[in-house]
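Asker: Each chain is listed here by its residues.
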Amino acid sequence: SQTIHQWPATLVQPVGSPLSLECTVEGTSNPNLYWYRQAAGRGLQLLFYSVGIGQISSEVPQNLSASRPQDRQFILSSKKLLLSDSGFYLCAYVDRGSNQPQHFGDGTRLSIL
Amino acid sequence: QQQVKQSPQSLIVQKGGISIINCAYENTAFDYFPWYQQFPGKGPALLIAIRPDVSEKKEGRFTISFNKSAKQFSLHIMDSQPGDSATYFCAASNSGTYKYIFGTGTRLKVLA
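Residue numbers (the working numbering), protein chains in the order written: chain A, 1 to 113; chain B, 1001 to 1112.
Chain B with its partners taken away, still in its complex shape:
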């Protein structure tokens, strides 16, 4: 019940295309869902996050879509650029514990 399942494992997208990464969770106590971007040799950096009281959050080219009933959330990267090539992790936590459960990561490559 503590798992966060992330897919796909890897993704190749043409420049200007839309990248979509999906995550699913089981624990309904989770109330915070962030996405992280990690470049090689660096720590993950917070990209965007959402709480279950909204269904969508947009920041620039990055959008989180959240489906509470299906217990799923996804990251959409619009107009994908080669500089977006990185590994993306979804995560879930609850404000009671501050422990994060991470997905297994998606390696995104955007072709120029």
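Chain A extracted, bound-state conformation:
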């Protein structure tokens, strides 16, 4: 069966510090991978998506970046966090051999102090 893992579940970071959030998928090969941000009580903002290793598309200009070093690993990074980077970060995948449903991890709650 397919599963998606995100860690850490919660993170408190000072302004100006670096960030690394990791997402891994099991049980599928060559998935599409996505990073979303969800502000409190708001919808889902697509940040990055990837169709393969090393292939990253950015949807929103910002101080965040994403990388896909392995087929089922997706990393969200920042060199210097801003207060506005606070939010709930969600990773998702699509198994392109399936009927398209996008499956989400349980997210990382990021608070910037």
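These are calculated hints, taken from the structure and not from any lab test. Wrong hints could be hidden among the right ones.
[Said to hold, decoys possible] Just a sample of chain B residues kept apart from chain A, beta carbon distances all over 10 Å, derived:
| no. | residue |
| --- | --- |
| 1 | Lys1015 |
| 2 | Gly1017 |
| 3 | Asn1027 |
| 4 | Glu1059 |
| 5 | Arg1061 |
[To be verified] A few chain A residues facing chain B, derived, Cβ under 8 Å:
| no. | residue |
| --- | --- |
| 6 | Asn32 |
| 7 | Gly43 |
| 8 | Tyr49 |
| 9 | Leu90 |
| 10 | Val94 |
| 11 | Arg96 |
| 12 | Gln100 |
| 13 | Gln102 |
| 14 | Asp106 |
| 15 | Gly107 |
All C-beta atoms, glycine included, are put in the ideal place defined by N, C-alpha and C.
Given the coordinates of chain A, assemble chain B onto it according to the supplied hints.
Answerer: What follows is chain B alone, placed relative to chain A:
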């Protein structure tokens, strides 16, 4: 043209009542329309989905109604229960890109 408009923003329903959430889209290239349920502190979970070749899909108490000509689709929750209290998102995508466009969400509260 990439937007999915969702309404209402919030909804309060009595236990046993029907909850109805509506979405409208513009891009006729969309060919997959899922609904997600999200509880606080959790990621959205796929609830039910429909493709434009059918007008209705039912799974248990959850039904999607789809109107291709009006470019609208809706989620009906029959016999709503307090455990259904959550935020619901509609979405649209096309099989060419696998990119999802999400609605802004509806916060549903079912009163006991």
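Asker: Decide, holds or violated, for the assertion that all CB atoms of chain A are farther than 10 Å from the CB of B/Asn1027.
Answerer: With a cut-off of 10 Å, B/Asn1027 remains clear of chain A, as the shortest Cβ separation is near 15 Å.
Asker: Measuring from the C-beta of A/Gln102 to each C-beta in chain B, is the shortest one below 8 Å?
Answerer: Since chain B brings a Cβ to about 5 Å from A/Gln102, closer than 8 Å, the hint holds.
Asker: According to the definition I'm using, a residue is off the interface if its beta carbon is farther than 10 Å from all beta carbons of the partner; does B/Arg1061 meet that for chain A?
Answerer: With a cut-off of 10 Å, B/Arg1061 remains clear of chain A, as the shortest Cβ separation is near 20 Å.
Asker: Given a cut of 8 Å on the nearest C-beta pair, is the interface hint for A/Leu90 held or broken against chain B?
Answerer: This hint holds: A/Leu90 lies near chain B, its Cβ roughly 5 Å from the closest one there, short of 8 Å.
Asker: When the nearest CB of chain B is found for A/Val94, is that gap smaller than 8 Å?
Answerer: Where the cut-off is 8 Å and the nearest Cβ of chain B is about 5 Å from A/Val94, the hint holds.
Asker: When you look at the beta carbon of B/Glu1059, is every beta carbon of chain A farther off than 10 Å?
Answerer: Holds, since 13 Å exceeds 10 Å.
Asker: Can A/Asp106 be said to touch chain B, with a Cβ gap under 8 Å?
Answerer: holds, 5 Å
Asker: Going by Cβ atoms only, is A/Gln100 closer than 8 Å to chain B?
Answerer: With a closest approach of 5 Å, the A/Gln100 hint holds.
Asker: Is the interface hint satisfied for A/Tyr49? The criterion is a beta-carbon contact with chain B at less than 8 Å.
Answerer: Nearest chain B Cβ about 7 Å off; hint holds.
Asker: Determine whether the non-interface label on B/Lys1015 survives the test: each CB of chain A must be over 10 Å from its CB.
Answerer: Consistent with the label, B/Lys1015 stays out of reach of chain A, its closest Cβ about 24 Å off (over 10 Å).
Asker: Should the interface hint for A/Gly107 be scored as holding, given a Cβ-Cβ cut-off of 8 Å against chain B?
Answerer: Given a least distance of 5 Å, the restraint on A/Gly107 holds.
Asker: Identify whether the interface hint at A/Asn32 stands, where standing means a beta carbon of chain B within less than 8 Å of its own.
Answerer: holds, 5 Å
Taken one by one, the earlier hints all hold for this structure without exception.
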